[in-house]
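Trainee: Generate the whole structure from the sequences, applying the supplied hints.
Protein sequences appear in the order of chains A and B.
My numbering puts the first residue of the first sequence at 146, with every later residue one more than the last.
My numbering puts the first residue of the second sequence at 482, with every later residue one more than the last.
These are computed hints drawn from the structure, not numbers from a lab.
All of these numbers come straight from a predicted model, not from anything done at the bench.
Cβ atoms here follow ideal geometry from the backbone N, Cα and C, with glycine treated the same way.
Fair warning: there could be bad hints in the mix.
[Unchecked claim] Here are the simulated EDC-like cross-link-like pairs (lysine to aspartate or glutamate), alpha carbons at most 20 Å apart as the crow flies:
1. B/K654 / A/E182
2. A/K368 / A/D532
3. A/K225 / A/D371
4. B/K528 / B/E593
5. A/K407 / B/D711
6. B/K654 / A/E181
7. B/K608 / B/E593
8. B/K541 / B/E573
9. B/K654 / A/D532
10. A/K225 / A/D532
11. B/K528 / B/D711
12. B/K699 / B/D688
13. B/K608 / B/D688
14. B/K682 / B/E542
15. A/K407 / B/E576
[Stated by the list, open to error] Some chain A residues well away from chain B (every beta-carbon gap over 12 Å; in silico):
16. V195
17. V222
18. M295
19. R331
20. Y334
21. L381
22. H397
23. V430
24. L437
25. A496
26. A497
27. F509
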Amino acid sequence: MQAHPPMYFKNRLYYLLLAVGGLVVMAGLYAVHLMEEHGHVISGMNNQIVWGVPHVFAIFMIVAASGVLNVASIGSVFGKALYKARAPLASLLSIAMLAGGLTVLMLDLGRPDRVIVAATNTNLTSVFAWNVVLYSGMFALVVIYLWTMMERRMNPYTKPAGFAVFAWRFILTTGTGLIFAFLTARQAYGSALLPPMFIVLSFAWGLAVFHLVQTVLYVWNDKVLDTAILSRKKNLLGVFILASLYMVAMYHMTNLYFAQQKAFERFILVDGGIYPNLFWWGYVVLGNLIPLALIYWPGLGKTRSVFAASLMVVLGAFSLLYVFIIGGQAFPLNIFPGYATTSSFGDGQIAAYSPSIYEFLLGFAGLAIAFITTTVSVRVLNFMPQDKHYITD
Amino acid sequence: MSESDLVRDLGRRNFFKTSLGVAALSIAPGFLLFDIAHGKAQPVSNKVRWGMLIDTAQCKEGCNDCVTACNKENGLPSVASATSVQWIRKIELKEASTGRQVSLPMMCQHCEHPPCVDVCPTGASFKREDGIVLVDRHRCIGCRYCMMACPYKARSFVHEPVTDQNPDVPRGKGCVESCTLCVHRIDVGLQPACAESCTNKAILFGDLNDPNSEISKKIRAVTSVQVRADLGLNTGVRYQGL
Ligand code: SF4
Ligand code: SF4
Numbered sequence: 146m147q148a149h150p151p152m153y154f155k156n157r158l159y160y161l162l163l164a165v166g167g168l169v170v171m172a173g174l175y176a177v178h179l180m181e182e183h184g185h186v187i188s189g190m191n192n193q194i195v196w197g198v199p200h201v202f203a204i205f206m207i208v209a210a211s212g213v214l215n216v217a218s219i220g221s222v223f224g225k226a227l228y229k230a231r232a233p234l235a236s237l238l239s240i241a242m243l244a245g246g247l248t249v250l251m252l253d254l255g256r257p258d259r260v261i262v263a264a265t266n267t268n269l270t271s272v273f274a275w276n277v278v279l280y281s282g283m284f285a286l287v288v289i290y291l292w293t294m295m296e297r298r299m300n301p302y303t304k305p306a307g308f309a310v311f312a313w314r315f316i317l318t319t320g321t322g323l324i325f326a327f328l329t330a331r332q333a334y335g336s337a338l339l340p341p342m343f344i345v346l347s348f349a350w351g352l353a354v355f356h357l358v359q360t361v362l363y364v365w366n367d368k369v370l371d372t373a374i375l376s377r378k379k380n381l382l383g384v385f386i387l388a389s390l391y392m393v394a395m396y397h398m399t400n401l402y403f404a405q406q407k408a409f410e411r412f413i414l415v416d417g418g419i420y421p422n423l424f425w426w427g428y429v430v431l432g433n434l435i436p437l438a439l440i441y442w443p444g445l446g447k448t449r450s451v452f453a454a455s456l457m458v459v460l461g462a463f464s465l466l467y468v469f470i471i472g473g474q475a476f477p478l479n480i481f482p483g484y485a486t487t488s489s490f491g492d493g494q495i496a497a498y499s500p501s502i503y504e505f506l507l508g509f510a511g512l513a514i515a516f517i518t519t520t521v522s523v524r525v526l527n528f529m530p531q532d533k534h535y536i537t538d
Numbered sequence: 482m483s484e485s486d487l488v489r490d491l492g493r494r495n496f497f498k499t500s501l502g503v504a505a506l507s508i509a510p511g512f513l514l515f516d517i518a519h520g521k522a523q524p525v526s527n528k529v530r531w532g533m534l535i536d537t538a539q540c541k542e543g544c545n546d547c548v549t550a551c552n553k554e555n556g557l558p559s560v561a562s563a564t565s566v567q568w569i570r571k572i573e574l575k576e577a578s579t580g581r582q583v584s585l586p587m588m589c590q591h592c593e594h595p596p597c598v599d600v601c602p603t604g605a606s607f608k609r610e611d612g613i614v615l616v617d618r619h620r621c622i623g624c625r626y627c628m629m630a631c632p633y634k635a636r637s638f639v640h641e642p643v644t645d646q647n648p649d650v651p652r653g654k655g656c657v658e659s660c661t662l663c664v665h666r667i668d669v670g671l672q673p674a675c676a677e678s679c680t681n682k683a684i685l686f687g688d689l690n691d692p693n694s695e696i697s698k699k700i701r702a703v704t705s706v707q708v709r710a711d712l713g714l715n716t717g718v719r720y721q722g723l
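Mentor: Pasting the structure below:
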């Protein structure tokens with residue numbers, strides 16, 4: 146044992162991790178192949194729940210991809226050295242998650258083989274089409290931004306590029322919110338609060354992901370994050386968590402204000418089975434209250450508790466998206482207000498949904514793509530934050 | 482693509498079709514399919530707007546004749562399930578305040594301002610000049626956004642490989658579909674299969690733009706409503722007795 150220096154084990158571990166990531170991607174692709182061959186009938190989705198678990202994964206990754214750039218923006222746009230040192234890593238994570246999320250979205254299409262159709266036939270009134278443009282633009286912009294940071298000659302352009310990314314990601318997350326906000330006929334969606342809610346959620350989710358990766362990166366490189374930096378970043382996370390909790394509360398409160406939404410809110414918050422459980426326990430308690438305690442409780446708030454808090458924020462995000470996307474579809478569409486309805490097509494009934502293994506495989510494949518992109522990049526290029534001994538801001 | 486572009490496009494493609502014949506099929510298969518199914522050369526016109534008036538007083542609870550006829554005409558599965566394609570369904574309603582019961586068929590309402598068309602990223606969902614809303618099954622990528630956007634749940638996703646197709650009604654796994662108002666029948670002067678099959682004469686089909694058509698006269702004479710009229714979609718399908 147002693148004959149091998151720790152580096153040797155790290156190398157092996159690195160390749161092992163990559164191999165595991167690769168296997169997860171392969172499994173996801175196999176699941177897609179099966180869904181292609183047999184049709185979506187083998188997934189848990191049906192004509193009532195048309196967007197399932199893959200959308201939960203995809204939207205998480207896309208929203209977090211935008212939010213993680215907040216770290217970069219604070220550095221480039223507002224000139225804070227502490228964040229500037231982290232802008233390259235944040236940009237990398239953004240690209241990685243965008244790639245993962247978009248792959249999942251694309252492979253969940255009924256006809257993924259036709260994505261070129263989506264690229265060549267654009268319906269300009271469609272928010273979905275706008276989003277295709279927004280996502281690809283974002284991808285390109287962040288790559289340019291990274292280049293201006295990593296290539297010394299390009300350094301002077303970092304600031305304008307940072308500004309462009311800053312503006313673009315607001316539009317992008319607004320666009321993601323609008324996908325739902327435009328569904329005016331559905332009780333769960335069609336709220337003008339959705340775009341700002343998604344923006345605030347993206348801050349918290351993006352920062353949580355950043356924290357997770359940063360912590361692992363420091364441990365891997367036998368480095369310790371300066372406690373002053375840690376404490377600033379955890380406070381920021383705390384603020385974002387509080388803000389997102391506020392936005393989610395507002396969204397539900399305004400819904401409760403409208404009489405026709407009351408039944409829906411009751412379903413999501415009280416008697417909808419898995420949905421209120423996931424909402425209260427998964428999102429509110431696990432995703433917000435415990436992380437807040439881990440951050441602010443006297444004596445806590447050290448590296449480990451912040452890591453745990455970040456992990457829980459991510460799990461809370463998945464819970465919230467599950468409730469929002471799937472719970473929102475499970476509640477029956479009110480086609481005939483004032484009437485109770487029944488039919489062979491699920492009218493008037495809570496739609497049933499039990500996600501299949503294939504959908505999870507696809508979702509995890511998206512995460513694995515983000516993971517592999519990140520792992521390989523941090524190894525071949527230097528994404529480790531370089532902090533000065535003093536903190537100027 | 483805006484509505485008028487689409488129409489121009491259709492007109493142009495119809496010109497292609499008549500001049501190039503079948504060769505055009507490979508240029509713009511989706512747009513032509515509904516047209517070539519019956520070999521009619523003239524483009525559809527916006528002078529007509531096809532619609533239906535459904536008299537719920539005539540529609541009988543438990544009767545499923547229109548659904549059966551639709552399934553047969555369009556080669557749809559006959560057994561309903563959570564994943565089966567249903568272009569038309571019977572809904573039984575009970576008024577909460579009075580307990581009054583109503584039975585009616587529900588299908589694509591062929592909205593004048595269809596949300597499904599607005600949200601479709603590829604333009605696969607489109608509205609013909611005569612008001613019929615269709616999905617170009619060669620352009621649909623199966624994103625299901627239109628299903629989320631339709632206020633009437635009129636659309637189905639094809640979850641399984643398709644068998645027993647009617648050559649006039651091309652369908653395919655992985656795409657979204659909905660009632661075509663039997664466009665292939667209308668274009669040869671026939672009625673939609675559901676309207677024809679209803680022995681109670683609950684479904685009246687016709688041209689809403691022609692003041693002398695039976696449907697226009699009846700709409701003037703009786704009280705009819707559009708479902709979820711509050712959304713302002715100006716549906717082509719109207720209901721009487723709701
Ligand atoms: S009823 Fe639904 S599918 Fe039909 S045109 Fe209106 S929105 Fe589109
Ligand atoms: S499923 Fe097809 S028709 Fe519906 S919005 Fe997507 S591409 Fe358009």
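Trainee: Does each hint hold? Answer for all of them.
Mentor: Hints, one by one, checked against the model:
1. Between B/K654 and A/E182 the alpha-carbon distance is near 9 Å, which keeps this suggested pair within the 20 Å criterion.
2. Simply put, A/K368 and A/D532 have alpha-carbon atoms about 12 Å apart, close enough for the 20 Å limit, and the pair holds.
3. Restraint check: the Cα-Cα separation between A/K225 and A/D371 comes to about 16 Å, which is no more than 20 Å; the hinted pair holds.
4. The straight-line distance between the Cα atoms of B/K528 and B/E593 is roughly 14 Å, inside the 20 Å bound, and the hint therefore holds.
5. A distance of roughly 19 Å separates the Cα atoms of A/K407 and B/D711; the hinted pair therefore holds under the 20 Å criterion.
6. Annotation: proposed proximity of B/K654 to A/E181 holds, straight-line Cα distance about 9 Å (limit 20 Å).
7. Among the hinted pairs, B/K608 with B/E593 is consistent with the structure: their alpha-carbon atoms are about 8 Å apart, no more than 20 Å.
8. Using a Cα cut-off of 20 Å, the hinted pair B/K541 and B/E573 holds, with the two alpha carbons roughly 10 Å apart.
9. With a CA separation close to 55 Å, the supplied pair B/K654 and A/D532 exceeds the 20 Å bound.
10. For the hint linking A/K225 to A/D532, the alpha-carbon distance of about 12 Å falls within 20 Å, and the restraint holds.
11. For the hint linking B/K528 to B/D711, the alpha-carbon distance of about 26 Å lies beyond 20 Å, and the restraint is violated.
12. At roughly 12 Å between alpha-carbon atoms, B/K699 and B/D688 fall within 20 Å of each other, so this suggested pair holds.
13. Distance hint between B/K608 and B/D688 is fulfilled; the C-alpha atoms sit about 16 Å from each other, no more than 20 Å.
14. Between B/K682 and B/E542 the CA atoms are separated by roughly 14 Å; this keeps the pair inside 20 Å, and the hint holds.
15. For the proposed pair A/K407 and B/E576, the alpha carbon gap of about 19 Å is at most 20 Å, so the pair holds.
16. At roughly 4 Å from the closest C-beta of chain B, the C-beta of A/V195 falls inside 12 Å, breaking its exclusion from the interface.
17. Non-interface status of A/V222 relative to chain B is upheld: no Cβ of that chain comes within 12 Å, the nearest being about 31 Å off.
18. Against the 12 Å criterion, A/M295 stays outside the reach of chain B, whose nearest CB is about 34 Å from its own CB.
19. Annotated as non-interface, A/R331 brings its C-beta within 12 Å of a C-beta of chain B; the closest such distance is 7 Å.
20. A Cβ of chain B approaches the Cβ of A/Y334 within 12 Å, the least distance being about 8 Å, so the stated non-interface status is violated.
21. At roughly 35 Å, the least C-beta separation between A/L381 and chain B is larger than 12 Å, which holds for a residue marked as non-interface.
22. For A/H397, the requirement that its beta carbon stay farther than 12 Å from each beta carbon of chain B is met, with the minimum near 20 Å.
23. Non-interface status of A/V430 relative to chain B is upheld: no Cβ of that chain comes within 12 Å, the nearest being about 30 Å off.
24. The beta carbon of A/L437 is kept farther than 12 Å from every beta carbon of chain B, the shortest such distance being approximately 34 Å.
25. Once the 12 Å rule is applied to beta carbons, A/A496 is inconsistent with being away from chain B; the minimum gap is 8 Å.
26. Listed as outside the interface, A/A497 is inconsistent with that label: its C-beta sits roughly 7 Å from the nearest C-beta of chain B, within the 12 Å cut-off.
27. The non-interface label for A/F509 is consistent with chain B: the shortest C-beta to C-beta separation is roughly 21 Å, beyond 12 Å.
Comparing the model with each numbered hint stated earlier shows that hints 9, 11, 16, 19, 20, 25, 26 do not hold.
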